[in-house]
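Visitor: Here the protein sequences line up with chains W and D, keeping their order. No gaps in the numbering here: position 183 of the first sequence is 216 in this note's numbering, and each next residue is one more. No gaps in the numbering here: position 217 of the second sequence is 232 in this note's numbering, and each next residue is one more.
Treat the hints loosely; a few may be bogus.
Here are some chain W residues pointing at chain D (derived, C-beta under 10 angstroms) [claimed, not checked]:
| id | residue |
| --- | --- |
| 1 | Lys-44 |
| 2 | Thr-46 |
| 3 | Ser-104 |
| 4 | Arg-237 |
| 5 | Ala-268 |
| 6 | Ile-272 |
| 7 | Gln-309 |
| 8 | Asp-314 |
Chain D regions said to be covered by chain W (calculated; three or more residues, Cβ under 8 angstroms) [to be verified]:
| id | segment |
| --- | --- |
| 9 | 82-94 |
| 10 | 99-109 |
| 11 | 252-260 |
| 12 | 337-348 |
No wet-lab data here; the hints were simulated from the structure. Using N, Cα and C, we set each Cβ at its ideal position, and we do this for glycine too.
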Amino acid sequence: MKIGSTLNDGKATDRINDEIRRRNSDPRGIIFRTFLQLGLFLALLILTVLLVDVVQNGWGTLSTRFGDFLSGTLRSRSIDEKLGVHQGLVGSFWIAVTTAIVAFPIGIGAAIYLEEYAPKNRLTRFIEINIRNLAGVPSVVYGLLGLFIFVNTFGKWTGGKSLLSAALTLSILVLPIVIITASEAIRATPQSLREGAYGVGATRWEVVRRQVLPYAAPGILTGTLLAMSRAIGEAAPLILVGAVTGRLGTNPGFLDLGALKERFVAMPIVITEWTQNSGRDPGFAGAAAAAIVVLLVFVLALNSIAILLRNRFEKRRK
Amino acid sequence: MKRRLINLFALLACTAVVFGCSSSEDSSSSSSETASASASASASASESVEEVESLEGTVEISGSSTVEPVSVRVAELFEDVAPGVAVNVDGPGTGDGFELFCNGETDISGASRAIKDAEAEACAATGVEYIELQVGIDGIGVMTNANNDAVDCVSKGDLYALVGPESTGFDSWSDANDLAVELGGTGGFPDAPLDIFGPGAESGTFDSFNEMTFKSIAKSRDQESREARPDYVSSGDDNVILTGIQGSDTSLGWVGFAFAANAADVKLLEMDGGDGCVAPTPATIASGEYPLSRPLFIYVNPAKLADNPALEAYVDFFMTEVSLQDAVTEVGYVPLAAAEMAATQNTWSSR
């Protein structure tokens with residue numbers, strides 16, 4: 034309290050400020066700061082170069098036939114006027130929706146259990162370590178898992194090699210990420226909040242529902258969003274569970290639920306295929322770049338929805 | 016707080032609706048599909064344009080990534096004739112394609128080489144028969160960097176000396192000279208780094224190249240391996256191979272002709288098959304003058320024809336000149352000569 038009162042003296046505050054400023058001119062500090070700024074600059078530079086390059090290459094397609102490109106399909110030649118990404122967008126859309134419906138409730142539920150209910154013993158720690166390991170397993174391994182479970186074992190319900198199998202496979206793939214990020218958000222809830230609530234006689238369920246979840250919601254949302262973006266960007270596991278690369282015979286609409294049990298394509302597959310085709314038919318390079326721009330906008334749109342939601346939660350938290 | 020809980024229930028309700036819808040819609044669509052399929056099956060005995068137009072069904076094609084664009088182009092043209100037929104085309108590779116085909120998972124399998132004995136046995140084991148139809152020709156282009164003036168034309172012996180099974184460890188072009196001369200080649204390669212880029216073992220181009228270039232020489236020299244040396248940079252992606260060749264002044268590599276013909280900043284080498292140097296062009300490949308060319312096939316499962324009239328209509332369309340001539344050319348391959356085309360059409364019609 035004594036220090037507080039001397040600080041209220043204006044001169045003392047100035048002296049302390051001077052002292053702090055002088056310390057800032059420490060050369061090692063400057064080098065470290067420059068190093069950090071350089072890191073940020075490089076990261077932004079790479080991102081900018083990538084974006085400019087992709088937009089430049091794709092501009093020809095995007096500026097001349099944007100509408101046709103959005104409604105078109107996989108074709109064998111780049112000059113085909115029906116060439117487009119509609120089938121890929123439908124595939125990626127349903128992958129995103131299914132991940133949200135399947136992986137998020139399960140993942141967040143598991144995280145709540147692990148953080149709030151499970152006893153802190155060896156078994157829990159063992160499970161947590163394994164979930165972390167699962168998050169690092171190469172995606173193609175999940176593809177094999179999906180092939181075995183959803184395509185072969187439960188093929189009767191998923192339609193075998195189908196969009197539904199793929200979406201469920203990717204839901205499993207992002208599950209560990211959802212659990213880890215949700216766990217961390219829940220763990221970051223101040224202990225005092227819980228103790229305060231218990232103190233006034235709240236049950237565990239009430240504490241979780243009224244204190245922990247509202248506080249952790251923005252963090253959980255950010256994590257699940259990253260997970261969804263990951264699911265949308267995956268290509269390797271999709272090849273194993275029924276994505277076609279050359280041609281998809283149908284061009285279903287976004288709300289055509291029958292297409293869930295049919296074979297499909299998704300945006301990353303479209304981009305890979307067209308990049309490979311560019312060897313045979315150089316015009317595909319521009320189409321691939323345009324498809325990358327569309328995928329980026331698609332992911333950004335999903336991200337902004339989640340950011341809006343997060344801001345709403347954050348306001349409520351205050 | 017209560018509102019949030021309500022939101023949660025709303026979400027769950029939505030989920031239930033989504034899945035409810037999906038199952039009900041699917042059952043109705045599948046029942047209508049079978050109805051129409053059986054209707055068209057009974058009518059398919061005599062074919063007319065109207066019947067093809069009203070056909071419905073799905074054709075599943077897998078196999079070689081080289082043949083994939085041909086099947087896709089034919090499907091695109093077929094779409095105008097039979098808009099109700101969905102043709103799905105995939106291209107994991109000739110070998111992977113035959114695996115699916117022999118399991119009965121696909122109707123047609125594309126192949127950039129004839130079926131191997133082991134694959135034919137696998138098909139026989141599962142009781143899957145096949146009709147082999149040659150639909151076009153692809154050449155293999157041997158390339159070096161555009162700045163490499165030392166090489167213009169090579170023989171199979173030269174390629175055997177540079178890339179064959181006995182060349183493992185050669186890291187300079189001149190290392191291959193003795194072997195090339197021994198095999199009747201000219202040799203005389205300069206002492207320059209030999210950087211080799213080519214398709215990996217998973218690729219049909221790898222098999223074709225071995226078959227066409229090394230097999231007979233390796234056999235006559237009692238070599239156990241009849242494949243390219245293992246120590247080169249391999250990739251399944253032709254673009255990666257091309258980038259490698261462009262990146263080294265004294266590189267050597269090979270890819271499918273359709274790809275090589277469009278490649279920039281590389282030099283396509285001529286091949287000497289014994290009667291002088293021949294440049295790879297569509298004409299020399301179709302005539303067989305250019306030594307490194309390979310046939311492209313589709314394999315059709317005849318058992319599937321009976322219950323899938325859409326499949327029969329698609330292959331019928333594949334056998335027309337529009338497909339075998341125009342579609343094959345449009346995607347960068349060489350169409351069959353008139354006699355071979357007639358032979359293919361005959362194989363199909365007399366099945």
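Visitor: Next, verify each hint and record whether it holds.
Guide: Results for each hint:
1. For the restraint placing Lys-44/W at the interface with chain D, the shortest Cβ-Cβ distance is roughly 50 angstroms, beyond the 10 angstroms limit, so the hint is violated.
2. The interface hint given for Thr-46/W is broken, as the beta carbon of that residue sits about 44 angstroms from the closest beta carbon of chain D, more than 10 angstroms.
3. Restraint check, Ser-104/W versus chain D: the minimum CB separation of about 16 angstroms is more than 10 angstroms; hint violated.
4. Here the hint on Arg-237/W is broken, as its CB sits about 16 angstroms from the closest CB of chain D, past 10 angstroms.
5. Interface hint at Ala-268/W: violated, since its Cβ lies 13 angstroms from the closest Cβ of chain D, which is beyond the 10 angstroms cut-off.
6. With 10 angstroms as the threshold, the beta carbon of Ile-272/W comes within range of chain D, its nearest partner Cβ sitting at about 7 angstroms, so the hint holds.
7. Contact between Gln-309/W and chain D, as hinted, is supported at the beta carbon level, the nearest pair being about 6 angstroms apart and thus within 10 angstroms.
8. Hint status for Asp-314/W: holds, given a least beta-carbon distance of 7 angstroms to chain D, under 10 angstroms.
9. Residues of the segment 82-94 of chain D lying with their CB closer than 8 angstroms to a CB of chain W number 7, which satisfies the three-residue condition for coverage.
10. Only when three residues or more bring their CB closer than 8 angstroms to a CB of chain W does the claim for the segment 99-109 of chain D stand; here the count is 8, and the claim holds.
11. Remark: the segment 252-260 of chain D is confirmed as covered by chain W, as 4 of its residues place a Cβ nearer than 8 angstroms to a Cβ of that chain, reaching the required three.
12. Counting residues of the segment 337-348 of chain D whose CB lies closer than 8 angstroms to any CB of chain W gives 3, so the stated coverage by that chain holds, three being the minimum.
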